[in-house]
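*Asks:* Okay, here's what each chain looks like letter by letter:
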Amino acid sequence: MEIKNGKLLTIYISILSLLYAATGILEIISALLNLIIGIGLSWIPPDLFGGFSALVISAIFFKAIFPWRRRKKANPYLLGATLMSMIFGTLYILIFIATGIDAYIVNEEWKWITDLMRPEIWLAAASTPLTYMAWIKMLKEFKGKAN
Amino acid sequence: MYMYRPSRIIPLAMLPEGVRGIIVKIIGGRGLVRRLTEMGFTPGIEVTVLKSSFQGPILAMIRGSRIVIGRGVAMKILVEVGG
Amino acid sequence: MKIKVALIGNPNVGKSLIFNNLTGGRSHIGNWPGKTVEKKEGRCIYNGVEMEIIDLPGVYSLTAQSIDELIARDYIIEEKPDIVIDIADASNLERNLYLTLQLMELEVKLILVLNKMDIAENLGYNIDVEALSKKLGIPIVTTIATEGKGMDELKKIIAESIHREWKAKKISYGREIDELIFKFEKLIAVERQFSTKYPTRWLAIKILERDEDILKKIKKSRNLDEILKNIDESIKVLGDEPDVALAEKRYEWISSILPQVLKGIRPVTLSDMLDKVFLDKHLGIPIFLSLWWSLFRFTYDVSAPLSDLIDIFFNRLGDIVKEYISNEQLASFIADGILGGIGGVLVFLPSILFLFFGLSILEDSGYLARAAFVMDKLMYKLGLNGRSFIPILLGFGCNVPAIMATRTIKNEKDRVLTIVVNPLISCSARLPVYILIGGAVLGEYATAGVYSMYILGIVLAVSMALLFRRIIPFFKSGRTPFIMELPMYAKPILKTTVIHMWERGSLFLRKAGTIIFLGVISVWFLSTHPWGSPIEETYIAILGKILEPLFYPLGFDWRGAVALFFGFIAKEIVVGAFSIFFGFGGEGEEESLKQYIRTHKIFTPLTGYAFMAFTLTYIPCIATLGAIYRETGSWKWVLFTVTYELILAYTVAFTIVTAGHLLGFT
Ligand SMILES: Nc1nc2c(ncn2[C@@H]2O[C@H](COP(=O)(O)OP(=O)(O)OP(=O)(O)O)[C@@H](O)[C@H]2O)c(=O)[nH]1
Ligand SMILES: [Mg+2]
Numbered sequence: 001m002e003i004k005n006g007k008l009l010t011i012y013i014s015i016l017s018l019l020y021a022a023t024g025i026l027e028i029i030s031a032l033l034n035l036i037i038g039i040g041l042s043w044i045p046p047d048l049f050g051g052f053s054a055l056v057i058s059a060i061f062f063k064a065i066f067p068w069r070r071r072k073k074a075n076p077y078l079l080g081a082t083l084m085s086m087i088f089g090t091l092y093i094l095i096f097i098a099t100g101i102d103a104y105i106v107n108e109e110w111k112w113i114t115d116l117m118r119p120e121i122w123l124a125a126a127s128t129p130l131t132y133m134a135w136i137k138m139l140k141e142f143k144g145k146a147n
Numbered sequence: 001m002y003m004y005r006p007s008r009i010i011p012l013a014m015l016p017e018g019v020r021g022i023i024v025k026i027i028g029g030r031g032l033v034r035r036l037t038e039m040g041f042t043p044g045i046e047v048t049v050l051k052s053s054f055q056g057p058i059l060a061m062i063r064g065s066r067i068v069i070g071r072g073v074a075m076k077i078l079v080e081v082g083g
Numbered sequence: 001m002k003i004k005v006a007l008i009g010n011p012n013v014g015k016s017l018i019f020n021n022l023t024g025g026r027s028h029i030g031n032w033p034g035k036t037v038e039k040k041e042g043r044c045i046y047n048g049v050e051m052e053i054i055d056l057p058g059v060y061s062l063t064a065q066s067i068d069e070l071i072a073r074d075y076i077i078e079e080k081p082d083i084v085i086d087i088a089d090a091s092n093l094e095r096n097l098y099l100t101l102q103l104m105e106l107e108v109k110l111i112l113v114l115n116k117m118d119i120a121e122n123l124g125y126n127i128d129v130e131a132l133s134k135k136l137g138i139p140i141v142t143t144i145a146t147e148g149k150g151m152d153e154l155k156k157i158i159a160e161s162i163h164r165e166w167k168a169k170k171i172s173y174g175r176e177i178d179e180l181i182f183k184f185e186k187l188i189a190v191e192r193q194f195s196t197k198y199p200t201r202w203l204a205i206k207i208l209e210r211d212e213d214i215l216k217k218i219k220k221s222r223n224l225d226e227i228l229k230n231i232d233e234s235i236k237v238l239g240d241e242p243d244v245a246l247a248e249k250r251y252e253w254i255s256s257i258l259p260q261v262l263k264g265i266r267p268v269t270l271s272d273m274l275d276k277v278f279l280d281k282h283l284g285i286p287i288f289l290s291l292w293w294s295l296f297r298f299t300y301d302v303s304a305p306l307s308d309l310i311d312i313f314f315n316r317l318g319d320i321v322k323e324y325i326s327n328e329q330l331a332s333f334i335a336d337g338i339l340g341g342i343g344g345v346l347v348f349l350p351s352i353l354f355l356f357f358g359l360s361i362l363e364d365s366g367y368l369a370r371a372a373f374v375m376d377k378l379m380y381k382l383g384l385n386g387r388s389f390i391p392i393l394l395g396f397g398c399n400v401p402a403i404m405a406t407r408t409i410k411n412e413k414d415r416v417l418t419i420v421v422n423p424l425i426s427c428s429a430r431l432p433v434y435i436l437i438g439g440a441v442l443g444e445y446a447t448a449g450v451y452s453m454y455i456l457g458i459v460l461a462v463s464m465a466l467l468f469r470r471i472i473p474f475f476k477s478g479r480t481p482f483i484m485e486l487p488m489y490a491k492p493i494l495k496t497t498v499i500h501m502w503e504r505g506s507l508f509l510r511k512a513g514t515i516i517f518l519g520v521i522s523v524w525f526l527s528t529h530p531w532g533s534p535i536e537e538t539y540i541a542i543l544g545k546i547l548e549p550l551f552y553p554l555g556f557d558w559r560g561a562v563a564l565f566f567g568f569i570a571k572e573i574v575v576g577a578f579s580i581f582f583g584f585g586g587e588g589e590e591e592s593l594k595q596y597i598r599t600h601k602i603f604t605p606l607t608g609y610a611f612m613a614f615t616l617t618y619i620p621c622i623a624t625l626g627a628i629y630r631e632t633g634s635w636k637w638v639l640f641t642v643t644y645e646l647i648l649a650y651t652v653a654f655t656i657v658t659a660g661h662l663l664g665f666t
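Residue numbers (the working numbering), protein chains in the order written: chain W, 1 to 147; chain H, 1 to 83; chain B, 1 to 666.
Check each hint, because a few of them may be wrong.
What the hints assert, rightly or not - Covered, in the sense of this in silico footprint (three residues per stretch, anywhere, with C-beta under 8 Å from a C-beta of chain B), are these stretches of chain H:
1. 34-45
2. 48-57
3. 63-72
Said to hold, decoys possible - Subject to a maximum C-alpha distance of 20 Å in a straight line, what follows is the list of computed PhoX-like cross-link-like pairs (lysine-lysine):
4. W:137 <-> B:491
5. B:80 <-> B:217
6. B:186 <-> B:229
7. B:217 <-> B:186
8. B:217 <-> B:229
9. W:140 <-> B:491
10. H:25 <-> B:249
11. B:39 <-> B:4
12. B:410 <-> H:76
13. W:137 <-> B:276
14. B:377 <-> H:76
15. B:410 <-> B:381
As the list claims (entries may be wrong) - Derived DEER-like restraints, expressed as beta-carbon distance ranges:
16. H:81 <-> B:212: 33 to 39 Å
17. B:169 <-> H:20: 31 to 37 Å
18. W:36 <-> H:20: 52 to 58 Å
19. W:132 <-> B:490: 18 to 24 Å
20. B:495 <-> H:81: 33 to 39 Å
21. B:285 <-> W:29: 46 to 52 Å
22. W:66 <-> B:490: 44 to 50 Å
23. H:75 <-> W:139: 37 to 43 Å
24. W:117 <-> B:491: 29 to 35 Å
25. B:178 <-> W:66: 54 to 60 Å
26. H:75 <-> B:476: 18 to 24 Å
Hints listed in this document are in silico derivations from the structure and should not be mistaken for laboratory results.
Just so you know, these numbers come straight off a predicted model, no measurement behind them.
Glycine included, C-beta positions come from ideal geometry on N, C-alpha and C.
All chains, full assembly: derive it from the sequences and hints.
*Replies:* So, in structure tokens, the structure goes:
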């Protein structure tokens, strides 16, 4: 699928890169607004460094766009970008679970929708097929032996 | 001796990423030369630059090991390219 | 009878893991070169044979340039273990055999271990072990230390070696050099002071290489004049870099046998690919910062439920104690002093475990060494190099091992500089203070506030290094070359990570049971006596009121001042002290510490943040001071560190408060 659908993949990666960039910028704006006027954008977590991290992931995806068409080999930036995407996705899911348990322990109301609406969780989910493809391809290239 | 071949001798730091060179000489203090030699940087050996960055360190592959070398040191390792 | 067995080898080949496997020890394991910096002993019994195993720092050769290398070299050469185990990385045979050749010249009972056979196989290497063993003349054992494979064979061969003799092959350096070696050998052989202590051929080679250490020893020789004359002569043959000439010959020899014992060429690996991304010239540093951020979110947010559980547990226990113990003084001692104070500290055990879990993963995955690479450019501006960044990162866990890790730095001035700025790196003991104060007053910005402390720590350390370089003559020096082997990425091993976490956790518990306990009990005593008086009239308040004027410009009240005072012993006591002070306020009400601090305006967000920064900077804990003394060998540097840190802490906190006021915060 990879070579013929190169264009499709490029679009897929570009969209992810764009979405991560948007997430990053919005989270940073939300954080700054929150700091200055005391209220952030609704539905966007005010998270300065989290936003920065999303921008970093966006940049790695962006770099993954270009060498993609020239080479048939596994794309290092795609490996890196999907890895980072998974790390952050997992992190926010863990935080989601921990907040839930914590709310139960201290007997507080758990605003689970806000916690679950962390964009990075959904972006990680959206990049899962790509992660799978990139890493499977890599493993094939290295005959299943990763070092 | 190198006159008849279209090759150049440049510092390892100037070698572009992915390009190979043959080590010609290491210039520098005794301690540095000894250290590099012990790690496998001997004349006549092939070295590949895996990663290089402007003013930063380089990552070189030599004798199957991957070694990070500061820019300063990489300027002192002379390699022959081309030819 | 007991046999002494030394483990030696290149850095990061798995010596310590093999040591742990053999002895059940807990040497520190991680995927970067230079972890072990001191020798460590352990025991192992096989078939009734008792062995004393010694784990040594990694070395590339027997010519030592830094402290850790010196420890390894001296042990092998001067202590003369019964058996030397040379551990080599099978996936990197060519370079690893260099040390093997040097050890063969020492004429010790040498066994070669080819570790990391799994990686060698993955890379498609095929090693003819038998042929190699014949070529070298020494027995070889292949192992995969991570899976415990080959350990029994290794033990067996060690145990059997008491009854066996073998001699490693002599490596020829070519006729010309061999003749020179022989000449020196003859001169030395007649002198018992040398020939009984060291192998003569080895000594001859070292003289030929003009090894500084050996030349010093040789000064006592009766044949000194003749030796010196021969050295002059050897220069004609070998040039003025004889050690380099010999090293080249050794590599030549290795290259000549290698094709006969090793098949396969190194393919492009996943590590090569990942390095394209993680060492990217633009993205390297941003990626580092994001990963670090994810580590702190993990530490801070994911551990929260466990901390709350512990908190609730101690609170309930306190309530029960107060209910059932009628003696007021005793009840207060147990409930407020022990349970409140120690409980207040133990609440942070989960955060500390999570932090070390994360750090261990970064270490084992191989990323730590990459961080040194990407930070080299920045460190270069300070006149240091990327290598000095590793102690900085280790300092996030604990400053003591971080300061010890500087032993791998070759230049003494760089080493001392890296040591004295290390306490500015925020260790895990300061985390509780950040979590408590940050969580109380920074609201949604708590995690960002904590993270910013870590950044502030790095920034301060870096600026101080730069400043000291400029203004203190001692630190003016040339640059030390940066050379570091980059390990392959690896999947973190759960067992190593858990052991690491467990070790640090039990260390924390031990600390809580001893030094923190004493500190907290003192705080309790001083804050409840004279018995029955309101807290404002207790001894601690008297002490606090004396200190208060000093901290008035920073906006800390007497309680903050006293907490910092006791925090000198161990920074966790700051938190313990607060739990004791505010334990009184919430009597009856179910008010948590954080809420109390917030509602009673002990700190505003601004002064709270300044307090965090002050805690970060003000003074190294006692253990760190001890480490500074041990590693620099002088009280001068201890005093220096304490002084500059106190001044710096005050300046930083004052700047934060003033700048905050100007920006309109209170
Ligand atoms: N795949 C694989 N990894 C191994 C093996 N042996 C050790 N390692 C890994 O190699 C790394 C280094 O192991 P250590 O035991 O700390 O190495 P060391 O030789 O003591 O290193 P220094 O003390 O720094 O000189 C760790 O990440 C180990 O998990 C092995 O047989 N196979
Ligand atoms: Mg070790």
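*Asks:* Could you tell me which of the numbered hints above are not met by this structure, giving the numbers in increasing order?
*Replies:* The structure breaks hints 20, 21 and 22; every other hint is satisfied.
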